[in-house]
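Peer 1: Chains as they are written, first to last, in the numbering used here: chain A, 1 to 354; chain B, 1 to 101.
Fair warning: there could be bad hints in the mix.
DEER-style ranges, computed between Cβ atoms [unchecked claim]:
id, chain 1, residue 1, chain 2, residue 2, range
1, A, A22, B, S92, 24 to 30 Å
2, A, N255, B, L63, 51 to 57 Å
3, A, E29, B, M83, 54 to 60 Å
4, A, E39, B, L82, 48 to 54 Å
5, B, E56, A, E199, 36 to 42 Å
6, B, P64, A, E343, 33 to 39 Å
Just so you know, these hints were derived from the structure itself, not from any lab. Each residue gets a CB set at the ideal place from its N, CA and C atoms; glycine is no exception.
Chain by chain, the residues run as shown.
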Amino acid sequence: MWEVSAFSKEKEHISCPLPDQAWQEASPESQGISASNLEKFANFLYSENRKTDGLVIIRNNCLIYERYGRGYNRNMKHVGWSITKSISSALLGILEGEKIVNRYTKVKDLLPYFDKKEHSNLNLLQLIQMRSGIKWIESYSNFITSNAINMLYTEGFEDVARYTASLGMIDKPGKKFQYVSGATNVLMSALNKAVKKSEQENFPWIYLFEKIGMQSVTWERDKSGAFIGATGIFAIPRDYARFGLLYLNNGNWNNQQIIPKSWIELSTRLPNDTPNNRSYGLGWWLNQPIENGSKKEIPWKLGPPNMYAARGYMGQYIIIVPDMNMVVVRTGTEFNQTTKIEEIIPYILELEKP
Amino acid sequence: MKKYRKLTYFVTIGLFLIGISFYFTGSPFKLLPGYYAKEFCSCYFVVHQTKDYCMENSFSIKLPTLSFEINEEAKSIKVANLMRTSIAQWQSERFGCVLTN
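Sequences and hints are given; from them, build the entire structure.
Peer 2: Written out as structure tokens, the structure reads:
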């Protein structure tokens, strides 16, 4: 039923090189991790009411633990849902570094159908910050009013960005945080127009996936051929871990700067120009204090303030804990989102304790 | 008798109006074929899970459909109900499934 690997002590290393091809495996103990606490953590995620499909843990660049269940194994891809948004953000940063676009590039300059007066100031940064101002209902349970669902399966499926453009605006761009999946789809459609025609079909692989060895990625598109930038990624958990490791290493992969370091920094801190009501950077969920009435609160109270996570529907997580030099990937199929990051954090913090 | 005829008339008109409004407001019934076709296609042809697994784990709501066809050769899924027929087509290892109809 379960495929479990806590790696043997035979290949012990203090830290491992970044995995160009195969991962270097190491025992938890060799990386200062308690094997019994690791087992407790895994058993928590694999308890009966938590539909965990995969768990991969990286410490000091080494693969120290993985476990699969519920019909999955290490070679099977898993849907990432909104983890995709973090990857779309990375691509914006990379293409800015390559001077193909600028974060302040106007959407209308790449997608001319954003032609209403209210769209005129909308730029790429606002899309990934979730400050687009687009009129939107984000829900995966309300099948009648949800724009997210109608975009993917009815009115919008032929061209998700054009559907999003048709909805109009509720706020001025840049003013207010509102989670809009359509905005990330607009971003990927815009990036698709920005790259050379010969790169349009494959630019995520050219600029990112091939450089860090993410060989398993499937990225689904709409009927017009644009990548579903909000939710379209499928990959094996080990490849999600590569992406997390790239961020943990500040965008550097074996001495090649794949994502500009400044982009990683910008992505993993709250914007300071306008207060957010959610702790969200550029496509990443953060643990930095947000204003709640008169007081400031951090979302994951037990977690270090510099940790951050890519999060997807039904319990997909890539959790980055810089203080522990650790990446945790968890995939799942929980329609009711049973397992929250705040429940996972105490188990992660216990891993370093004997 | 006349009273019952009147009641039947109003009930029929009422049901008709409810049906029309559901149709034009994007009711769940209208979107389910697209939702089922695309998600099943990804689960089966991209993830390579079994049919039983995909049927059990791909959908947050489950309602009956008129037809649910898996074309193994063409790698496509066709789902129909009274309001809509949708087709999801597997494209390639890199691009997965797309809703074509």
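Peer 1: Each of the hints needs a verdict: does it hold here or not?
Peer 2: Here's how the hints hold up against the structure:
1. A:A22 - B:S92: 24 to 30 Å: Holds: the Cβ-Cβ distance is about 25 Å, inside 24 to 30 Å.
2. A:N255 - B:L63: 51 to 57 Å: Taking Cβ atoms as reference, N255 (chain A) and L63 (chain B) lie about 54 Å apart, which means the hint holds.
3. A:E29 - B:M83: 54 to 60 Å: 59 Å Cβ-Cβ, so the 54 to 60 Å window holds.
4. A:E39 - B:L82: 48 to 54 Å: 51 Å, holds
5. B:E56 - A:E199: 36 to 42 Å: 39 Å, holds
6. B:P64 - A:E343: 33 to 39 Å: With a Cβ separation near 36 Å, P64 (chain B) and E343 (chain A) satisfy 33 to 39 Å, so the hint holds.
Going through the hint list in order, the structure satisfies each hint without exception.
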